[in-house]
Each structure stands twice: as structure tokens, then as C-alpha cells.
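Protein chains in written order, with full-length UniProt numbering: chain A, 1 to 203; chain B, 1 to 203; chain C, 1 to 203.
By construction, these hints were calculated from the structure, which means they are not laboratory data. Keep in mind that this is a model prediction, so the values were computed, not measured. We put the CB at the ideal spot given by N, CA and C, even for glycine. Any given hint could be a false lead.
A few chain B residues that face chain C, going by a derived Cβ cut-off under 10 Å, partial list only [to be verified]:
{"hint": "1", "residue": "52"}
{"hint": "2", "residue": "116"}
{"hint": "3", "residue": "156"}
Which residues of chain A face chain B? A partial, calculated answer using Cβ under 7 Å [stated by the list, open to error]:
{"hint": "4", "residue": "52"}
{"hint": "5", "residue": "115"}
{"hint": "6", "residue": "152"}
{"hint": "7", "residue": "153"}
Chain C stretches covered by chain A per the calculated footprint, using a threshold of three residues with CB under 8 Å from any CB of chain A [said to hold, decoys possible]:
{"hint": "8", "region": "43-53"}
{"hint": "9", "region": "114-124"}
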Amino acid sequence: MESWIHVLNLAGVAVCAISGTLMAFQKRMDGFGVVVLASATAVGGGTLRDMMLDLPVFWIEDTDYLYVTCIAALITIIWLRLTSLFPYHYLLVADAFGLALFNVVGIEKALGTGAGMAVAIAMGTITGVFGGLLRDVICREVPLVLSGELYAITCIVGGGAYALFYTLQLPDIWCVVAALVTTVCLRLGAMRWHWELPVFRTE
Amino acid sequence: MESWIHVLNLAGVAVCAISGTLMAFQKRMDGFGVVVLASATAVGGGTLRDMMLDLPVFWIEDTDYLYVTCIAALITIIWLRLTSLFPYHYLLVADAFGLALFNVVGIEKALGTGAGMAVAIAMGTITGVFGGLLRDVICREVPLVLSGELYAITCIVGGGAYALFYTLQLPDIWCVVAALVTTVCLRLGAMRWHWELPVFRTE
Amino acid sequence: MESWIHVLNLAGVAVCAISGTLMAFQKRMDGFGVVVLASATAVGGGTLRDMMLDLPVFWIEDTDYLYVTCIAALITIIWLRLTSLFPYHYLLVADAFGLALFNVVGIEKALGTGAGMAVAIAMGTITGVFGGLLRDVICREVPLVLSGELYAITCIVGGGAYALFYTLQLPDIWCVVAALVTTVCLRLGAMRWHWELPVFRTE
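Could you build all of it, start to finish, from the sequences and the hints given here?
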């Protein structure tokens with residue numbers, strides 16, 4: 001279970017590093033811009049989570065995450081030098097899985113420190129979306145998570161599914177699967193059918 | 001004293017959550033944009049303070065703050081759906097009280113860890129203004145605290161009043177009241193008479 | 001050695017505070033804008049480093065840094081009121097030295113906590129460039145570190161020089177000097193001959 005989450009966490013970091021590198025490519029950044037955007041997107045959310053929970057920051061404890069970030073960015077750069085085509089669609093699907101996994105990792109880590117369920121759901125959401133928020137703020141984009149399609153709300157609903165199964169005292173693995181499936185399905189559905197959540201009345 | 005500060009702190013969080021929600025409304029954000037802006041404005045300053053002082057983050061220890069943030073955002077959303085009128089003026093007055101209280105909470109928390117007075121004043125100011133700064137950076141506004149009317153300077157002067165009374169060895173409650181009154185009066189005066197603090201010569 | 005690094009660290013903080021104040025002057029900010037930009041640029045990188053390494057934040061432990069920041073900002077303000085001429089060129093040279101020193105301080109602090117070399121290089125780079133990144137994001141500029149001339153890459157190469165000498169088990173002072181010289185020379189060279197590091201193919 002532990003090592004299985006570790007591998008999926010590394011996969012999530014790699015996907016986010018690729019998405020940061022693509023943003024740097026779109027913005028015609030060079031050199032360090034790529035390094036900053038790839039790392040901020042990949043480890044930003046988990047870093048903030050660990051600092052707030054007063055845990056050791058995950059990529060300081062385990063250097064694998066730094067290497068994966070660098071390798072993912074490097075492969076993306078080489079790919080983009082060879083061809084200007086990039087399978088953006090598959091990246092969005094992979095990103096949905098990364099979001100769901102970061103969400104679960106955040107919830108589990110928060111519960112492990114003895115935090116309450118409301119805090120755990122907040123931590124899951126922060127882990128999932130803060131990296132992308134940072135990427136967009138640095139690039140002076142209107143953050144994607146702040147407008148349009150369901151994005152971070154899927155983390156909150158996924159956290160709600162975790163909380164439900166947790167309250168029913170089902171085994172830990174069921175809670176994890178419930179949160180993963182809920183988050184991924186909601187996110188893919190939102191991408192496919194452009195689900196939105198209008199809270200203000202528009203004239 | 002302790003519980004009295006707790007209640008006022010909750011009030012400050014609620015006021016900031018409302019101001020974040022209003023900004024999301026103005027920017028035509030939806031769904032998660034409201035959640036991000038309301039929470040960042042409400043708990044951003046205190047979170048940074050607690051992380052820098054290496055204290056447990058206040059809303060992780062006490063979930064009340066998360067619930068108050070959500071309820072304040074929800075009531076604001078319902079209000080804005082019912083009517084497009086909003087008493088912005090009263091909000092600014094309430095915001096001045098919230099600023100003063102966050103300032104005092106930051107100073108007290110910093111002094112409680114054994115920090116010096118200069119650090120305590122910096123912590124009070126950070127607690128008071130960082131949430132609003134975050135809100136404006138996320139929305140790509142020129143941060144309000146960075147230009148025009150006295151805003152954060154009122155925190156520094158309020159902290160100076162605290163330091164003066166503290167040095168005179170007056171009881172703790174007097175220091176708190178001095179800082180609150182100084183900050184609120186300066187801020188209300190700055191709003192009423194548009195006080196500014198020009199540091200550069202303009203041609 | 002210890003006190004020698006302390007003095008150079010104070011010098012780095014002063015240079016960054018001056019650069020933040022100059023940015024506030026260019027943006028026609030007033031009052032608190034100057035305070036925010038000067039402090040964020042001067043202590044932002046070190047604060048993030050200390051929070052991630054779970055060390056006491058350096059300016060909370062040693063108030064000297066706060067005073068140096070305020071005095072450097074004040075002198076810059078007085079200078080700019082007396083004359084609109086400012087030796088920007090010398091500031092850039094001083095900034096290269098500040099960058100190199102922040103880099104070395106970050107590496108040494110990270111190694112002191114038992115972190116690996118990859119993490120130490122990342123910490124050196126973060127200490128060197130995060131303050132300037134923060135300054136540019138707050139001012140809604142495209143961060144300078146993200147485009148054009150070599151800037152943060154010089155920190156990474158300087159960290160590589162440190163790592164090389166460290167692996168050869170040379171005395172600590174040699175590692176420090178190697179990192180300082182490499183970073184300063186690369187940065188001055190990049191400024192003089194406009195070295196760039198294009199990673200994406202441009203049409």
C-alpha cells in the first residue's frame with residue numbers, strides 16, 4: 001500500500017512537471033523559467049501542505065521527487081525540440097489522475113497527524129490544486145482553477161466520499177479508492193461535458 | 001481575555017471571508033474561485049505567521065475557523081443572489097476592526113514565542129495584511145495595500161503603540177486596547193480624509 | 001568564518017532591500033508598498049528556505065536583518081528624494097555578489113540539517129532567487145528570473161562547483177569560495193555578454 005502510493009505520487013509529480021514545462025513553452029520562457037515552472041507545479045502543493053502540517057517537506061526527505069521532476073522536464077523539452085505536436089488531450093486525462101492522487105495523499109497525510117476531517121479535506125484540495133495555482137500566478141494567467149470547469153471542487157467532493165466511507169468505518173483502502181474514483185470521474189466528466197458550478201447570478 | 005480574543009478573531013476571519021467572496025463576485029469567478037479567494041483572504045495572514053513562528057497553524061488546531069469561513073462565504077453568496085446591493089461602506093468599517101484585531105493577535109502570538117518587539121510588530125502587520133495581498137495577487141489586481149491610502153502603516157503604528165505601553169510595563173490589556181484603538185482610528189481616518197504617505201517626490 | 005558569513009549575509013539583505021525599494025520607486029508606489037517590496041525581496045528567499053528546512057526563520061532569531069532592511073530602504077528613499085540619478089549599474093554588480101552569497105548560505109544551511117546535495121543546491125537557488133521572484137509577482141512584472149539572461153542557472157552551476165569540491169573532500173572554505181567565484185563570474189559574464197540558455201527551438 002505504502003510503496004504503491006509512493007509510485008503513484010511520483011507519477012503525479014511527473015505529470016505536473018510536464019504541465020509546467022508546457023506552460024513555459026507556450027510563454028516562450030527559457031532556461032530557468034522551465035526549471036521554476038516545472039518544480040513549482042510539481043511540488044508546490046505538497047510543500048505547502050507539509051509546511052502547514054509541520055511535517056518534513058516530502059522532496060527534502062526523499063530526493064527521488066527532485067530527480068523525477070528534472071527528468072520529466074528534460075524529456076518534455078527534448079520532445080518539444082523534435083516535434084511541435086504534443087498530446088495535450090492525454091496530458092489532461094493524466095492530470096485528472098494526478099489531481100485525484102495528490103488529493104488522497106494530502107488527506108492521508110493530514111489524518112496521520114491527527115487532524116480532523118474538515119482539515120484533511122482542505123489539505124487534499126491544497127495538495128491537488130496549489131501547484132497549478134502557483135504556475136498560473138507566476139505566468140500572470142488568470143488561474144485555471146478559479147474559473148470555468150469544475151476542477152478543485154472535484155477534490156472537495158472526492159474528499160467528501162473519503163469522509164463518508166471513513167465514517168462508515170470501512171477499511172482504509174476502500175476510502176482511498178472511493179476518493180480516487182469520485183475525483184477522477186467528476187474531473188473527466190467536467191472536461192467532457194463542460195460541467196460548471198455557477199454560484200453567482202449572471203444577467 | 002483568551003476567549004474574548006478568540007471570538008473577535010473569528011469575527012475578523014468572517015469579515016475577510018466576506019471581502020474575498022465580494023472580490024470573486026466582482027471578477028465574475030465561480031465555484032472554486034469563491035472558495036479559494038474567501039479562504040486565502042481569511043486565513044492567509046495567520047497561516048504565514050504560524051508557519052514562520054513554527055507554531056501549529058491556527059485553523060488546523062481549531063476547525064471553527066474553517067467553518068466560519070465557509071458560512072460567511074455562503075451567506076454572502078446567498079445575499080448577492082437575492083440582491084445586487086451590498087453595504088460596501090459598512091464592510092470597510094468592519095474591515096478596519098478586523099485589521100486591528102489581526103494585528104493584535106499577531107503581536108501577542110509572536111511575543112508568546114519569546115520573539116523581540118520588532119519581530120512582533122512585523123508579525124502583527126503580516127497577519128493583518130497578507131490575506132488581502134494574496135487575494136489581490138491571485139486576482140491580478142495591483143494590491144490595495146501597496147498604494148494610496150494608509151493601510152498597513154496603521155498596523156505598524158498600532159504595533160508601535162503596543163510597544164510603547166509594553167515598555168512602560170502597563171498591564172497586557174492596556175497594550176491590547178492601545179494597539180486596537182490606534183489602528184482602528186488611523187484606518188478610519190485614512191478612509192474618511194484620504195490620508196496618504198508619499199515617500200517619493202512626484203514631479 | 002561564521003561571523004564573516006553573517007556580515008556578507010547582511011550585505012546581501014541590504015542590496016536586495018535597495019533593489020525592492022527601487023522597484024517601488026519605478027512603480028510609483030508609496031508608504032507601505034516600499035516596506036513590503038523591500039522586505040519581500042530582502043528576506044523572502046531565506047524565509048521560504050528556513051520554513052522548508054524547519055529551521056527557525058533567520059530574521060526572527062536575529063533582529064539585525066530587519067533593521068538592516070529598514071535602514072537600506074530608508075537610505076535609498078532619501079537618496080531618491082535628493083537626486084533622481086541612481087547608479088543602477090553598480091547595483092547590478094552588487095546584486096550578483098548578493099545572489100552568490102545567498103546561494104552559499106542556502107547550501108550550507110541545508111547541508112547542516114543533513115539534507116542531500118541535490119536538495120542543498122535547490123535550497124541555495126531558492127534562497128538566491130525567490131526574493132526577486134516575489135518582488136516581480138507582487139508588481140505584476142514578468143519575473144526577471146524567468147526569461148532572458150542567465151540568472152538562477154548561475155546559482156545551480158555555482159552549487160555544482162560546491163558539490164564537486166565537496167565530493168573531492170576539500171576543506172569547507174574551498175567549497176564556499178568555488179561556489180562564490182563560479183556564481184559571480186557567470187552572472188557578471190551573462191550581464192556583460194548577454195549569455196542566454198535557449199531550451200526551446202524558436203522559428
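These are the hints, each one checked on the structure:
With 10 Å as the threshold, the beta carbon of residue 52 (chain B) comes within range of chain C, its nearest partner Cβ sitting at about 5 Å, so the hint holds. The interface hint given for residue 116 (chain B) holds, since its Cβ lies 5 Å from the closest Cβ of chain C, which is under the 10 Å cut-off. Interface hint status for residue 156 (chain B): upheld, as the beta-carbon distance to the closest one in chain C is roughly 8 Å, under 10 Å. Checking residue 52 (chain A) against chain B by beta carbon gives a least distance of about 5 Å; that is within 7 Å, so the hint holds.
Hint on residue 115 (chain A) holds. Least Cβ distance to chain B is approximately 6 Å, under the 7 Å limit. Given hint, residue 152 (chain A) at the interface with chain B, holds; its Cβ is 4 Å from that chain's nearest Cβ, closer than 7 Å. Interface hint at residue 153 (chain A): satisfied, since its Cβ lies 5 Å from the closest Cβ of chain B, which is below the 7 Å cut-off. For the region 43-53 of chain C, the stated coverage by chain A holds: 3 residues have a C-beta nearer than 8 Å to a C-beta of that chain, and at least 3 were required.
Only when three residues or more bring their CB closer than 8 Å to a CB of chain A does the claim for the region 114-124 of chain C stand; here the count is 5, and the claim holds.
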